[in-house]
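K.L.:
The residues making up each chain are set out below.
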Amino acid sequence: MQSVLPVAYYELGTAYDPINLDPEYGVFDRPIAKHTLTADDWEVLMRGRDFIQHRLSKFIKDILSAQPHIRSDGRFNCHHSVAKGLDVWGCEHTARDWWFVHSYEALTNINTFRDPLAFLKGLSEQVGKLELCPSCKNWMQKLMLLERQKVWDTLGEFYGIKGDERRGSSVTTQA
Amino acid sequence: MPYKKHRPETIFAIQGPLKLATKYKMVSLRERFVSMLRVDWPSELSKYDQRRADMNNPSWHQSDNHDGAWPQLCSDPGMPSRSLTLDASTNAPLS
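For the record, the sequence lines run as chains A and B.
Heads up: the first sequence begins at 1 in the numbering used here, then just goes up one per residue.
Heads up: the second sequence begins at 1001 in the numbering used here, then just goes up one per residue.
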């Protein structure tokens, strides 16, 4: 039963608030009967939401300063940097401009923290449409998907569920 | 014990038997009930994604496997919280 609870709480967190729905992220109207929840249920739910918000806010801020890794020749692992012999990150402006806009939107949008799995999946799909080189696109998508898997693997901790058997399932293989 | 996944009545149907299976330590039967819940609330992200994709796919709701019943789950008021209530009385560890 312990493995079911984190997902059940997560689902509850995505479902209980019928306002501010954003179909782009796959959020749908699925209200629940709040009166069936106990005070302990609410406490667990709120605890989880606080943890998720903290975790995701940190990720959003950290990625503002993230860069692709440096190759052995000292250049960024970016096709533009390598092809043009640049010592700077060739895709930096495109990536940063996009992320600055989305980080602000993300931090002010309630759906970011209500359904982070959908949010991060949506971001990785949007990265696929950016005019980045294949290396940078792949790198950024991996960042999003890796964080998504980490959020999933940590759900039990977020909600304070002891003995969550789902931990450490496939972080590396997913991203 | 045939059943259809993602059905809102599953949780109600197995609640009583699951409590009995736990109380009387019927390990295999209890595990079977729990496995039903695991299908609805999977522990792997890929399976959860598949479930979400199913939910957003109109044709899935009309397939023979689900006889159009799934939308009820989306709007079932008691579904998520019922699982939590259920857990309080069925979480005793079985060796």
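By construction, these hints were calculated from the structure, which means they are not laboratory data.
Just so it is clear, the structure is predicted and the values come from calculations on it, not from any experiment.
Even for Gly, the Cβ is constructed at its ideal location relative to N, Cα and C.
Errors might be hidden in some of the hints.
To be verified - Computed list of lysine-lysine pairs in PhoX-like fashion (alpha-carbon distance at most 20 angstroms, straight line):
1) B:Lys1005 x A:Lys121
2) B:Lys1019 x B:Lys1047
3) B:Lys1047 x A:Lys150
4) A:Lys121 x A:Lys142
5) A:Lys162 x A:Lys150
6) A:Lys142 x A:Lys61
As the list claims (entries may be wrong) - Anything over 12 angstroms on all C-beta distances counts as not near chain A; from chain B, calculated:
7) Glu1009
8) Tyr1024
9) Leu1029
K.L.:
For Lys1005 (chain B) and Lys121 (chain A), compute the direct alpha-carbon distance and say whether it is at most 20 angstroms.
P.N.:
Outside the cut-off at roughly 25 angstroms; violated.
K.L.:
According to the definition I'm using, a residue is off the interface if its beta carbon is farther than 12 angstroms from all beta carbons of the partner; does Glu1009 (chain B) meet that for chain A?
P.N.:
holds, 16 angstroms
K.L.:
Would you mind confirming whether the straight-line C-alpha gap from Lys1019 (chain B) to Lys1047 (chain B) stays at or under 20 angstroms?
P.N.:
violated, 27 angstroms
K.L.:
Just to be careful, I want the Cα atoms of Lys121 (chain A) and Lys142 (chain A) compared with a cutoff of 20 angstroms; is the pair within it?
P.N.:
With Cα atoms ~11 angstroms apart, Lys121 (chain A) and Lys142 (chain A) stay inside 20 angstroms; holds.
K.L.:
Take the C-alpha atoms of Lys142 (chain A) and Lys61 (chain A), compute the straight-line distance between them, and say whether it is at most 20 angstroms.
P.N.:
holds, 17 angstroms
K.L.:
Is Tyr1024 (chain B) truly not at the interface, in the sense that its beta carbon sits beyond 12 angstroms from all beta carbons of chain A?
P.N.:
holds, 17 angstroms
K.L.:
Are the Cα atoms of Lys162 (chain A) and Lys150 (chain A) separated by 20 angstroms or less?
P.N.:
holds, 17 angstroms
K.L.:
Leu1029 (chain B) clear of chain A by more than 12 angstroms, beta carbon to beta carbon?
P.N.:
Since the minimum Cβ distance to chain A is about 14 angstroms, Leu1029 (chain B) lies beyond 12 angstroms and the statement holds.
K.L.:
Regarding the pair Lys1047 (chain B) and Lys150 (chain A), is the alpha-carbon distance no greater than 20 angstroms?
P.N.:
Given pair Lys1047 (chain B), Lys150 (chain A) holds - Cα atoms ~16 angstroms apart, limit 20 angstroms.
Consistency with the previously given hints fails for numbers 1, 2, ordered from lowest to highest.
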